[in-house]
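Chemist: The lines below spell out each chain.
2 protein chains.
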Amino acid sequence: MAKKGGKKPEQRDLRRLLRIPGGKRVDLASYPADATPAGPKDKAEGLAATARMSEELAGLQERLYAASTAGDRRRVLLVLQGMDTSGKGGTVKHVIGLFNPSGCRIKAFKAPTREELNHPFLWRVMRALPQPGEIGIFDRSHYEDVLIARVRELVPRRHLARRYGQISRFEQSLVDDGVSVVKVFLHISYEQQRRRLLERLDNPDKHWKFNPGDIDERALWPAYQEAYEIALERCSTDAAPWYLVPSDRKWYRNWAVSRLLLEQLRELDPQYPKGDFDVAECRRRLT
Amino acid sequence: MAKKGGKKPEQRDLRRLLRIPGGKRVDLASYPADATPAGPKDKAEGLAATARMSEELAGLQERLYAASTAGDRRRVLLVLQGMDTSGKGGTVKHVIGLFNPSGCRIKAFKAPTREELNHPFLWRVMRALPQPGEIGIFDRSHYEDVLIARVRELVPRRHLARRYGQISRFEQSLVDDGVSVVKVFLHISYEQQRRRLLERLDNPDKHWKFNPGDIDERALWPAYQEAYEIALERCSTDAAPWYLVPSDRKWYRNWAVSRLLLEQLRELDPQYPKGDFDVAECRRRLT
Numbered sequence: 001m002a003k004k005g006g007k008k009p010e011q012r013d014l015r016r017l018l019r020i021p022g023g024k025r026v027d028l029a030s031y032p033a034d035a036t037p038a039g040p041k042d043k044a045e046g047l048a049a050t051a052r053m054s055e056e057l058a059g060l061q062e063r064l065y066a067a068s069t070a071g072d073r074r075r076v077l078l079v080l081q082g083m084d085t086s087g088k089g090g091t092v093k094h095v096i097g098l099f100n101p102s103g104c105r106i107k108a109f110k111a112p113t114r115e116e117l118n119h120p121f122l123w124r125v126m127r128a129l130p131q132p133g134e135i136g137i138f139d140r141s142h143y144e145d146v147l148i149a150r151v152r153e154l155v156p157r158r159h160l161a162r163r164y165g166q167i168s169r170f171e172q173s174l175v176d177d178g179v180s181v182v183k184v185f186l187h188i189s190y191e192q193q194r195r196r197l198l199e200r201l202d203n204p205d206k207h208w209k210f211n212p213g214d215i216d217e218r219a220l221w222p223a224y225q226e227a228y229e230i231a232l233e234r235c236s237t238d239a240a241p242w243y244l245v246p247s248d249r250k251w252y253r254n255w256a257v258s259r260l261l262l263e264q265l266r267e268l269d270p271q272y273p274k275g276d277f278d279v280a281e282c283r284r285r286l287t
Numbered sequence: 001m002a003k004k005g006g007k008k009p010e011q012r013d014l015r016r017l018l019r020i021p022g023g024k025r026v027d028l029a030s031y032p033a034d035a036t037p038a039g040p041k042d043k044a045e046g047l048a049a050t051a052r053m054s055e056e057l058a059g060l061q062e063r064l065y066a067a068s069t070a071g072d073r074r075r076v077l078l079v080l081q082g083m084d085t086s087g088k089g090g091t092v093k094h095v096i097g098l099f100n101p102s103g104c105r106i107k108a109f110k111a112p113t114r115e116e117l118n119h120p121f122l123w124r125v126m127r128a129l130p131q132p133g134e135i136g137i138f139d140r141s142h143y144e145d146v147l148i149a150r151v152r153e154l155v156p157r158r159h160l161a162r163r164y165g166q167i168s169r170f171e172q173s174l175v176d177d178g179v180s181v182v183k184v185f186l187h188i189s190y191e192q193q194r195r196r197l198l199e200r201l202d203n204p205d206k207h208w209k210f211n212p213g214d215i216d217e218r219a220l221w222p223a224y225q226e227a228y229e230i231a232l233e234r235c236s237t238d239a240a241p242w243y244l245v246p247s248d249r250k251w252y253r254n255w256a257v258s259r260l261l262l263e264q265l266r267e268l269d270p271q272y273p274k275g276d277f278d279v280a281e282c283r284r285r286l287t
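Line by line, the protein sequences are chains C and G. Take 1 as the starting number for the first sequence in the UniProt record's numbering and just add one per residue. Take 1 as the starting number for the second sequence in the UniProt record's numbering and just add one per residue.
Rather than coming from a laboratory, the hints here were simulated on the basis of the structure. Hints are supplied without guarantee of correctness; some may be wrong.
Same chains, same label: a pair holds when it works inside one copy or across any pair of copies.
[Said to hold, decoys possible] Below are the EDC-like pairs computed for lysine to aspartate or glutamate, each with C-alpha atoms no more than 20 Å apart in a straight line:
#	residue 1	residue 2
1	Lys206	Asp269
2	Lys41	Glu229
3	Lys93	Glu56
4	Lys206	Asp276
5	Lys93	Glu55
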């Protein structure tokens, strides 16, 4: 795959390769979760390649932030979704850890509070959006409102059916306002989830990450996969496409998410603003 | 200095060394801003020593967060104050960058908004506090309300006089609730500020960080130093002491702030909570 077209993996557009085509039936079982499309050849190269992106990512982030001080409203929103143990938290740690933390606005969405339930489902999401120049990260998101809400039947079906369109219109409005929405589905296999849950059980230092309720959720795996397939099909739009990142291999997952952000930031190509002051005079005044 | 007591620098308590004694007149001019008390011997060693702390810091942070999932309310609040160019932003980038970003809650305080001005001055601070298990970082803080507010006479003197006590009582209430408050004054010299402002002028990519108004503020240097001296004297309490970090050398600043956080986290000694479930049964159920 890496040889196709004679280009090195790094020169190809990973966004095009991992993008879920919207409006077409999605069959998650047809995507191998341990694949490494366009990726480095092994773990050692993957870690090195990810580390090599760090400087450029941080540089682009600084320009994005700098541009915002001169009125550029652009910002990035990374949405992370995936089954339990798919590595949402690990992605934040390893990928977002490459950035300057002061420009990142991270929000982990848990079960909605009573106050949040008293508002439309997008209310809490609106309040957590990144500001101009920032990189926002959602660990879970408004998609939970068509995922667990569907599987656990938390809302009537007719409400649920409306939500897909509401989400797509909401995301379109974000894009219209200068937000680059990068939605990433971390795709793991049923067997890989089992291994990761067992790892948590085997290591007492990881027991705090384990909840017996996770096993009950796992029993609903097929229903969740179906809920994801519907959400990916209906909400992968031109404005805000979904990317599927095979995530059984953590090094590939981190490389791919870093690379998706890199491509997005390169496309934005933010620039340091010019100062609107007299440099020579300022220099004279500085005694 | 490093030889005192025959201990290596790393074994000594930096918090004791850098702490501002409360209730005594503070003379900032008596603290050399380019000193490196108890620090590594040069920049190369400083960078290496800071990098070496990374793993332990991240490990302690994970334990702190893990403990919060079992009801431990403890958290840390790092308050960063200092003159323009003293390196508050750089400290966030280099020191907080050592942590897992998902457990950090960073807030940069700017000039108060109209809404914020319509509330008591501590209102906006209360809303930005870290939650249990988190490390909160304030880039500027409620201390601006006795610094710029004093120098620029933004409030009547009698209001200002009340604020020192209000701040100390507020911080005591945080400590009572399980917050470790680590307040760091990044101390730079007048000459060092000039060099850093000139650097910004000399590099067009840094013009966005420069504001001619910074030169007007600089003209008020003695008034700001005095305002700091009063705040440090009145608000360095046993519950929430102030630390003075000489910050003319960036590598020392980053090392010292990392080290202060390390000592604080070691003292907290957070532990992974024990799981309250039947591991063997969970393992059986995981098919």
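Chemist: Now tell me if each hint is right for this structure.
Modeler: For each hint, the structure was consulted:
For a Cα distance limit of 20 Å, the shortest separation of Lys206 from Asp269 across copies, 17 Å, qualifies, whereas the shortest one inside one copy, 41 Å, does not. When the C-alpha separation of Lys41 and Glu229 is checked against a cutoff of 20 Å, the pair qualifies neither within a copy, at 29 Å, nor between copies, at 58 Å. Taking CA atoms no more than 20 Å apart as the test, Lys93 paired with Glu56 passes in both settings, with 18 Å inside one copy and 15 Å between copies. When the C-alpha separation of Lys206 and Asp276 is checked against a cutoff of 20 Å, the pair qualifies only between copies, where the shortest distance is 13 Å, while the shortest distance within a copy is 53 Å.
For a Cα distance limit of 20 Å, the shortest separation of Lys93 from Glu55 qualifies both inside one copy, at 17 Å, and across copies, at 13 Å.
In the structure shown, a violation is registered for the earlier hint numbered 2 alone.
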